[in-house]
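Q: Residue-level listing of the chains:
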Amino acid sequence: MSLDILVPMTLTVIGAATPLLFAALGELVVERSGVLNLGVEGMMLAGAVVGFIAVAGTGSHAFGLLAAALAGAGMALLFGFLTLTLRANQVATGLALTIFGIGLSALIGVKHVGIPIPALPKLDIPGLSDLPVIGPLLFGHDILVYLSLALTIGIAWFLARTRQGLILRACGEADLSAHSIGYHVIRVRYCAVLFGGAMSGLGGAYLSMAATPMWIENMVAGRGWIALALVAFGSWRPWRVLFGAYLFGGVTILQLYLQGSGILSIPSQVMSMLPYLATIILLTVIASGSWRGRLDAPACLGKTFSPPS
Amino acid sequence: MLLNINRRRFLQGTAAAATGLVAVPGLHSARAAEPLKVGFVYVGPIGDYGFTHGHDVGRRELEKHYGDKVKTTYVENVAEGPDAERVIRQLAQQGNSLIFTTSFGFMEQTLRVAKQFPKVKFEHCTGYKTAPNMSAYNSRFYEGRAIVGHIAGKLSKTGKIGYVASFPIPEVVMGINATALAARKVRPDAEVRVVWVNSWFDPAKESDAAKALIDQGVDIMTQHTDSPAPLQVAEARGILGVGQASDMRQYAPKAQLTAIVDEWGDYYIDRAKAVMDGTWKSQSVWYGFKEHMLKMAPYGDAVPEALRKECDAMVADTISGKFHAFSGPIKNQKGEVVVKAGERMSDADLLKMNWYVEGVTA
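Chains as they are written, first to last, in the numbering used here: chain A, 1 to 309; chain B, 1 to 362.
You may find that some hints are simply not true.
Unchecked claim - Have a look at the derived ranges for each label pair, beta carbon to beta carbon:
#1 Gly135/A with Gly238/B: 12 to 20 Å
#2 Leu176/A with Arg86/B: 42 to 50 Å
#3 Gly222/A with Gly67/B: 34 to 42 Å
#4 Asn332/B with Ala160/A: 34 to 42 Å
#5 Gly238/B with Thr10/A: 15 to 23 Å
#6 Lys295/B with Thr58/A: 31 to 39 Å
To be verified - Sample of chain B residues lacking proximity to chain A, with all beta carbon distances greater than 12 Å (derived):
#7 Asp48
#8 Arg89
#9 Ser97
#10 Pro170
#11 Phe201
#12 Lys211
#13 Glu336
#14 Glu343
Unchecked claim - Calculated pairs, SDA-like style, for lysine to any residue (alpha carbon to alpha carbon, straight line, at most 20 Å):
#15 Lys309/B with His324/B
#16 Lys111/A with Val57/B
#17 Lys334/B with Ser265/A
#18 Lys154/B with Val303/B
#19 Lys111/A with Asp247/B
#20 Lys352/B with Pro267/A
#21 Lys334/B with Gly262/A
#22 Lys69/B with Val57/B
It should be emphasised that the hints constitute simulated quantities derived from the structure, not laboratory data. Every residue gets a Cβ at the ideal spot worked out from N, C-alpha and C, and that includes glycine.
Please construct the entire structure, taking both the sequences and the accompanying hints into account.
A: Right, dumping it as structure tokens:
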């Protein structure tokens, strides 16, 4: 494996990390507001299939992305109605949402299997995108890659620096207190859940429109669950989630490149374990180091809120 | 005491009468008029456009062939493991008299359910275990892989052939080896580079694996996973590739050289007929080009006329028995001769193949 392979490899890593980052950032906001939505996989599938159909029908990627975000948000609205308004159990509802999403997306997509669409175009700035190394690394991605990075910054800023971010966190840490000083906990959580759904939808759309521009049943293939794990891995902080998504994507891709190079004869099963192994080791290091005690999940995570009457 | 015996005798009598009833000709024919219920258990979604899709095409051919006489049910996305056993048992309980389970990992589960339902006929795909009411059937995919290897060896410029692989089971190892052997016959320095994704179906990961291979000089993409993703990457990156299990031309109109297409329909029709006629017997079959269990998809534009003829001749020779993908001399990765010149590997050896031939980088 030579050095000039590092650039294409990094591009592949970015492609693997981006859908995870979208879904994980969305779920992070949801969880910081105190809601646990395990339906990420289902929402991603909804985004993937609806985004795909929109592009196949209209030829417009912008419209496809909008449709994907709305589809994810639509699924999230259903989840919100059940858990926030009807106060159903969040874990059970989230799991049901995933299973529902798998079935629904398959049903909607039946007629669209086997139709190719043009991939989401990549940025092409004359002069800049052609530069060696820097060109493809900085100026050669599709819009979703830049959007995912911008959203990481945006969400980090929103949670840490804005009044609305503080209110959202208050709902996740002490729902009763937030309620008693006059904030509408349920409304805040609805907003967070809808945002999370839209983000999952975009993550799914990345798969069906950019990574592999096609629709195949169940094509998210478990990434929703990895995104969920990344939120806990990143201890509910956007920057750590970004790091986690790129670490996980990076190790996954690195092992594929290592296999293809044939320079290491490590059994492929061990290679496949690497991303998970790296995750576990890092979590252990974090948990045993000076960061200990700062891993706490939002105090109200997964608890149903009923306003005292 | 006396009463007790009488009651027991009475019960025995009733049981005998009940058994007799089933054998009454009139009733029997009334049952035969009901459609034959056939169940299918799939490991992936029928919309995978690959392996499971191929089986479902076979199932639809079966329904079309017999019309009202056959009623099929399928369960898709069944995980290999305990879940499969539950699904297979459920199909048996629902009155299916013939059940096809179409993944290697369903073998033990099929066997267990087969023992519990001795009257139901089971057919397991790509495994090796059988029972009095359980058959094994498989396709000689490697025959198609040899054609693919031949084309790859002829058309590759770099001599590096990429192979996106699922799990290192004999079935997959055999395909890799058949590709390498045929490629090296026409291009002695050809190399098959394998990347395992440890999944049958994960489009994004399959696509990443394909990118990893192309970035390292591979210019022909082959795969033993179930989605068209690697072929789509080949198209996008301007190299050539081969479809898997179904004709995947629409994903790669320029890149697809050909595809190994599974054809299960004829077999399903035959076996359903055997059950209807009462001639079904447990068997273990391994069919190939000859029995029409697989075929090559129409060649792509990148395959020149002369090469098409060579490939057609290879298929004909495979059918006549003149050509066998695993005829000696075959060397392993260390360069030791494993199969001597003039010898052919036996089916038994092929089915437990766990070593790579020379020229495979895995």
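Q: Please work out if Lys111/A and Asp247/B have their alpha carbons no farther apart than 20 Å.
A: holds, 17 Å
Q: Take a quick look at Pro170/B and tell me if its Cβ sits farther than 12 Å from every Cβ on chain A, holds or violated.
A: holds, 15 Å
Q: Is the Cα-Cα distance between Lys352/B and Pro267/A 20 Å or less?
A: holds, 18 Å
Q: Holds or violated: Lys111/A with Val57/B, Cα cutoff 20 Å?
A: Roughly 15 Å separates the two Cα atoms, so the pair holds.
Q: If you check the beta carbons of Gly135/A and Gly238/B, does the distance land in 12 to 20 Å?
A: holds, 19 Å
Q: Given the hint of 31 to 39 Å, is the C-beta distance from Lys295/B to Thr58/A inside that range or not?
A: Holds, at about 37 Å.
Q: Are Lys69/B and Val57/B close enough, with their CA atoms no more than 20 Å apart?
A: holds, 18 Å
Q: Hey, is Asp48/B genuinely clear of chain A, shortest beta carbon separation above 12 Å?
A: violated, 6 Å
Q: Holds or violated: are the alpha carbons of Lys154/B and Val303/B at most 20 Å from each other?
A: holds, 10 Å
Q: The hint says 42 to 50 Å between Leu176/A and Arg86/B; measuring C-beta to C-beta, is that right?
A: At 44 Å between Cβs, range holds.
Q: Does Glu343/B clear chain A by more than 12 Å, comparing its Cβ with all Cβ atoms of that chain?
A: holds, 28 Å
Q: Please check whether the beta-carbon of Phe201/B is more than 12 Å away from every beta-carbon in chain A.
A: Not fine: 7 Å to the nearest Cβ puts Phe201/B too close to chain A.
Checked against the numbered hints given earlier, this structure breaks hints 4, 7, 11 and 12; the rest are met.
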